[in-house]
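In the order they appear, the protein sequences are chains A, B, C, D, E and F.
Sequential numbering of the first sequence, starting at 0, is according to numbering that gives the first Met the number 0.
Sequential numbering of the second sequence, starting at 0, is according to numbering that gives the first Met the number 0.
Sequential numbering of the third sequence, starting at 0, is according to numbering that gives the first Met the number 0.
Sequential numbering of the fourth sequence, starting at 0, is according to numbering that gives the first Met the number 0.
Sequential numbering of the fifth sequence, starting at 0, is according to numbering that gives the first Met the number 0.
Sequential numbering of the sixth sequence, starting at 0, is according to numbering that gives the first Met the number 0.
Don't read these hints as lab results, they were simulated from the structure.
Careful, some of the hints might be misleading.
Residues from chain D that keep clear of chain F, each with C-beta distances beyond 12 Å, as calculated [said to hold, decoys possible]:
hint, residue
1, R8
2, E33
3, E85
4, R102
5, A125
6, A130
7, S136
8, R139
9, A145
10, L189
11, A206
12, T228
Below, simulated SDA-like cross-link-like pairs (lysine to any residue); rule was C-alpha separation at most 25 Å, straight line [what the hints assert, rightly or not]:
hint, chain 1, residue 1, chain 2, residue 2
13, B, K47, B, R104
14, C, K47, F, S136
15, A, K47, E, D90
16, A, K47, E, R101
17, E, K47, B, K47
18, E, K47, B, R104
19, C, K47, E, G216
20, B, K47, A, A5
21, A, K47, E, P144
22, B, K47, A, R102
23, D, K47, D, R62
24, C, K47, F, F95
25, D, K47, D, L200
The C-beta atom is built at its ideal place from N, Cα and C for all residues, glycine as well.
Number of protein chains: 6
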Amino acid sequence: MRLDFAGERVMAVVAHPDDAELLCAGTLARARSEGAAVAVCVMCRGEKGQPARPIRNLGAVRRREMRAAAAVLGAELFTGRWGDGELMDADAPRVFLADVLRRFRPTLLLAHAPNDYHPDHRAVAAIADTATWFSASRGRITRWPALPAPPAIWHMDTIELHGFEPGFYVDVSAWMPVKERMLACHRSQLSRAGDSEFSPLLPLMRAQAGMRGMQAGVAAAEAFRIHATFKRCRGW
Amino acid sequence: MRLDFAGERVMAVVAHPDDAELLCAGTLARARSEGAAVAVCVMCRGEKGQPARPIRNLGAVRRREMRAAAAVLGAELFTGRWGDGELMDADAPRVFLADVLRRFRPTLLLAHAPNDYHPDHRAVAAIADTATWFSASRGRITRWPALPAPPAIWHMDTIELHGFEPGFYVDVSAWMPVKERMLACHRSQLSRAGDSEFSPLLPLMRAQAGMRGMQAGVAAAEAFRIHATFKRCRGW
Amino acid sequence: MRLDFAGERVMAVVAHPDDAELLCAGTLARARSEGAAVAVCVMCRGEKGQPARPIRNLGAVRRREMRAAAAVLGAELFTGRWGDGELMDADAPRVFLADVLRRFRPTLLLAHAPNDYHPDHRAVAAIADTATWFSASRGRITRWPALPAPPAIWHMDTIELHGFEPGFYVDVSAWMPVKERMLACHRSQLSRAGDSEFSPLLPLMRAQAGMRGMQAGVAAAEAFRIHATFKRCRGW
Amino acid sequence: MRLDFAGERVMAVVAHPDDAELLCAGTLARARSEGAAVAVCVMCRGEKGQPARPIRNLGAVRRREMRAAAAVLGAELFTGRWGDGELMDADAPRVFLADVLRRFRPTLLLAHAPNDYHPDHRAVAAIADTATWFSASRGRITRWPALPAPPAIWHMDTIELHGFEPGFYVDVSAWMPVKERMLACHRSQLSRAGDSEFSPLLPLMRAQAGMRGMQAGVAAAEAFRIHATFKRCRGW
Amino acid sequence: MRLDFAGERVMAVVAHPDDAELLCAGTLARARSEGAAVAVCVMCRGEKGQPARPIRNLGAVRRREMRAAAAVLGAELFTGRWGDGELMDADAPRVFLADVLRRFRPTLLLAHAPNDYHPDHRAVAAIADTATWFSASRGRITRWPALPAPPAIWHMDTIELHGFEPGFYVDVSAWMPVKERMLACHRSQLSRAGDSEFSPLLPLMRAQAGMRGMQAGVAAAEAFRIHATFKRCRGW
Amino acid sequence: MRLDFAGERVMAVVAHPDDAELLCAGTLARARSEGAAVAVCVMCRGEKGQPARPIRNLGAVRRREMRAAAAVLGAELFTGRWGDGELMDADAPRVFLADVLRRFRPTLLLAHAPNDYHPDHRAVAAIADTATWFSASRGRITRWPALPAPPAIWHMDTIELHGFEPGFYVDVSAWMPVKERMLACHRSQLSRAGDSEFSPLLPLMRAQAGMRGMQAGVAAAEAFRIHATFKRCRGW
């Protein structure tokens, strides 16, 4: 069985600059190689992800890092300006994301799972749910025209697989090198490998993609669930 | 088996002017015919439900429509003034609804399911949970006296049955004509039948009530779940 | 809100002679007082429920006890002959129960929850599911005519509330005396109060009905869930 | 998004002669049109599906009907000889199905959901789980060589959508005519349209595929879930 | 089996002054007796818990009551200043609690369940999730140094056991007297025993600990679940 | 937090000779080192786990292997004689296991999860549930006296973590060497490393214990859930 992304427009909306790398970059890379247009929307600046030896202007550094990663992927990049830990399901980010959706016009939106570990991730799940609805609401007038219909939503895996039952697995074995090259762009975060407050990113990414791959009978996989709600599901 | 609504005071709290019609109007109509007092509280103005050919003063138009529908039902109507897509679980709507509860004094509150498709629906679920508690809290002093106990809460079905496991089914077969007459009052929305952003209301309502009816062995049904939480459950 | 059992025919199918007393006798008593016909079908003989000082012919003793309890309730009694711990979801008990259903012709069957603590309870859940289907299958020819439709199924609470989320609560406050008088008929089991292998029955029954009552805002309640499956649900 | 069945070998294992039509025939027809080999394995004879005016030799009649339906689909047909309501998760049907799997060598097995309404359906779910494991076990020696790996399993929707949360939807809009032509082969069952014991098949099929289609934004869909267990999942 | 709290630092974060007594005081008392340091953080003032005969300066009264109860327990006490029913998952309480965590440096945080009955309880669940993450984030600079790792989180039982499946039970039989002495400090609330809006506290506490004890084979127990999320779980 | 196994009697009941190694041997080894008595009961012979080059008398070979592994662990070993794939929840294995329980007299029984991948594993879950009840039933007379109370049950993780939400994690970091030495005894199975039908055992064990360890903040962990049912839970 194969999922075919040809002709789709796939956007991932994530909280922090390196979340897409951990949870869905393989799927995006594969979608692109199959002919889809891809984009990443990062809501927060990542300015609190400080290594032991703090980096000045970390927000600016991380913006460069995410641009580099998006270039590796060949993805359009949208960036919000919320501070780390300050993203809430509120009007401003809803409207921001709805407008990003009206600009990129995705057919599929990958969003954090509602029960992921970080408040910004959980906020993204809620904002994505709302913004997809807003994006196609004609009564909501902005600079961009309303979409004919909201994009479908898939929820991404949680960090370390906590409390996430996969609805299906996307085989990303052949795209692990892209995923790793993208992650390598986030040098500020890779330097945190010895910190006790997070987990070293590369082993974490490999362990997660490897375990999902084992479960799915392939070398590496990313896990998703459809978001079961009105107008955000599709027949495949 | 029959649920008997005699002597109850049943209120539905919904997000938008036509939500009650889709999800619980049959139950309200039946409750009334069995001797219950019924009410509908609509939190949002519905001003963004624009058809392809926009309607001026849509908010005012929809207010007239919901008044007409409430008259068909014989229900008291309470209306909030929140904009579509702007309802949040916050102090103002909590207090507003708690006061509505103190005025109507329901024994049963029908509220949206916490996982329904629209942010305003999800907000109603949260606000209803809170406001029922506030309504009976003596330390919370307003113009109306505290209720002796919070009303019970039932969660209504989700639009298109997504992710909703019915706890029980109310047979509304004999009240489908009322439900349809109420829906017919929402002319501004029926004119959106050809829009891609929502679904034509009448077929949607019939498909949903018909499928719930099939599941329950009757012509038409509405599905609910009790809200399993302290002081909001009742023995029947 | 009130559930009205008038005109129904309610049967409970349980594993052992005193299970109905613990889990649904209040509902049966109330149904009868509201005009329903009621019945109890006990699948096993109860011959292994030995007190510390063993009783001779325990099976016969328990049969007398359950007859006395059924008389208190005013219920028709059907008894299987399976040994305790020997009931399996197999052809013989399926056919036995299907025929009991064809004889009593219930509109509602109360059955153990599929995850209750005892293998015989779990077997009853499976057998009830199957036998209700068989009871209305015209191609299945026995001495009794097929029912026009299977009865609805409600699953009863588990012993000590483990892993059971109530779908709704039946107020049995006024029928606790009947429930207690029925339990008092099971003298062989009440004599086991000091055994470590079970729990003293009367305190167990009161604690369970009392806790379900607290949750439902009444003095005593019994908890149930509908069995969500084709033809075994009803609109109320 | 599109699921691509090219190169797959898809088998459905169902309890009764017309179950595939109701729950997965659209997917099989589509898979075949995309280049997959397809098969249906029917475990029971269907001999108890008697209309009001009983049919002689109903088992033989139904065998002809399922052959005709399989011919419409272009599927290989395997048939068990179990009586209706007599299928259990036991050694004989496990071995039978394991051998069918070794003969057809599917890459994907569609099987009933473990909580579907009929004991034979639930038995199929359990047998499929076991037989897929057996099919690839080299220590289990039969006339056919072991498969290199078990097929993946997808669970099919339940009849009338009870208690089934779709993991994903297959768009079968273009294959509804095949599905309906297949169903039309089951004349013995279509004659049961007026019976109270089942539901008229054609409206049931249309209502179910139509509601799943509504949920998925297409004219008609069939819903499935992956079976989350060792070696029976795949990366797509 | 025994859980050993020696060497731990256990903090409970609750919404109102008497919540710890109801849901986790036995565990705290036991942890302390086994050599753990314990603390309680109460987020709200409790100023709306008015008995029928209102108390002046109820907030101040309740502060004295909670201090007395903390003294009985031998716990450090931290108090927020939010009004009852005004606690939201927002920046201020997140930062407040993160700083409390940095001061007490717990290894384990007991927090309300996300589905408990009161909006302030649900807010505590969300705030605790966030604040534990913040507490160990080095990029988040406050007067106290970041923790080396977030504490583990356990969710406490809900009031009256609604919708809470215990992950495990802590035997508090020997600490019921402490729990009761602590509760006795909350005289302002005990005087509400006859109010219809809450439940008399002492019987409620005993019924809940007694039922959890029955389920766990001990005289009294408190039930918890681990919070399954990144960095907030521990191997025991 | 630490679970203390001192004074316990812990038995694991598994389907096949090497299942304990994969899923619970670390916990057993740790329990023993803390002063618990430990035992393993293997229900099936393992005679179908044939490597590519078949082994004669594989059943006898595997018996030697499990004896060696039990010796490494210092565990008492009980062995059933069921063929692989032939274990059913039926009277004989229920009685067999109940008697094993009466002989070893465990306070805690580790059993496969009810949804694990292999029919024999699922059978063990059901048999364990029943046999623990039988073991303490005085009316069930065998050569060994009834236990005073059934042991508690913990369900073990599933192979590859499919569909298993940990209730808690046991830190087995220090016992991985024992676990590996035990696995090394199963030479017949290690020789299957290149087979497509299973997964190489050592990497599988390491990946699983490593991922559970990551989730729990330790080097290696084993995951369990309590079995929430009458008399099989304990307060810790």
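We went through each hint and held it up to the structure:
1. The beta carbon of D:R8 is kept farther than 12 Å from every beta carbon of chain F, the shortest such distance being approximately 17 Å.
2. Once the 12 Å rule is applied to beta carbons, D:E33 is consistent with being away from chain F; the minimum gap is 26 Å.
3. Remark: the non-interface label on D:E85 is consistent with the geometry, its nearest Cβ contact in chain F lying 17 Å away (cut-off 12 Å).
4. Taking the minimum C-beta to C-beta distance to chain F, about 18 Å, the non-interface status of D:R102 holds against the 12 Å cut.
5. Residue-level check failed: D:A125 sits 8 Å from the nearest beta carbon of chain F, not beyond 12 Å.
6. Not every beta carbon of chain F lies more than 12 Å from that of D:A130, the smallest distance being close to 9 Å; the non-interface claim is violated.
7. Once the 12 Å rule is applied to beta carbons, D:S136 is inconsistent with being away from chain F; the minimum gap is 6 Å.
8. Listed as a non-interface residue, D:R139 fails to keep its Cβ farther than 12 Å from every Cβ of chain F; the least gap is roughly 6 Å.
9. Non-interface call for D:A145 relative to chain F: violated, since the shortest CB-CB distance, roughly 7 Å, does not exceed 12 Å.
10. The Cβ of D:L189 sits about 37 Å from the closest Cβ of chain F, beyond the 12 Å cut-off, so the non-interface label holds.
11. In this structure D:A206 is separated from chain F by more than 12 Å, as the shortest Cβ-Cβ distance comes to about 31 Å.
12. At roughly 4 Å, the least C-beta separation between D:T228 and chain F is not larger than 12 Å, which violates its mark as non-interface.
13. Between B:K47 and B:R104 the CA atoms are separated by roughly 31 Å; this puts the pair beyond 25 Å, and the hint is violated.
14. Restraint check: the Cα-Cα separation between C:K47 and F:S136 comes to about 8 Å, which is no more than 25 Å; the hinted pair holds.
15. At most 25 Å may separate the alpha-carbon atoms for a hinted pair to count; A:K47 and E:D90 meet this at roughly 15 Å.
16. Straight-line distance between C-alpha atoms of A:K47 and E:R101 comes to about 17 Å, which keeps the hinted pair within the 25 Å bound.
17. This hinted pair does not check out: E:K47 and B:K47 have alpha carbons roughly 38 Å apart, beyond 25 Å.
18. The straight-line distance between the Cα atoms of E:K47 and B:R104 is roughly 21 Å, inside the 25 Å bound, and the hint therefore holds.
19. For the hint pairing C:K47 with E:G216, the CA-to-CA distance comes to about 22 Å; that is within 25 Å, so the pair holds.
20. For the suggested pair B:K47 and A:A5, the alpha carbons sit about 34 Å apart, so the restraint of at most 25 Å is broken.
21. For a cut-off of 25 Å, the pair hint linking A:K47 to E:P144 stands: about 15 Å separates their Cα positions.
22. This hinted pair checks out: B:K47 and A:R102 have alpha carbons roughly 20 Å apart, not beyond 25 Å.
23. Using a Cα cut-off of 25 Å, the hinted pair D:K47 and D:R62 holds, with the two alpha carbons roughly 13 Å apart.
24. Proximity of C:K47 to F:F95 is assessed by CA-CA distance (about 18 Å); at most 25 Å being required, the pair is judged to hold.
25. At most 25 Å may separate the alpha-carbon atoms for a hinted pair to count; D:K47 and D:L200 meet this at roughly 16 Å.
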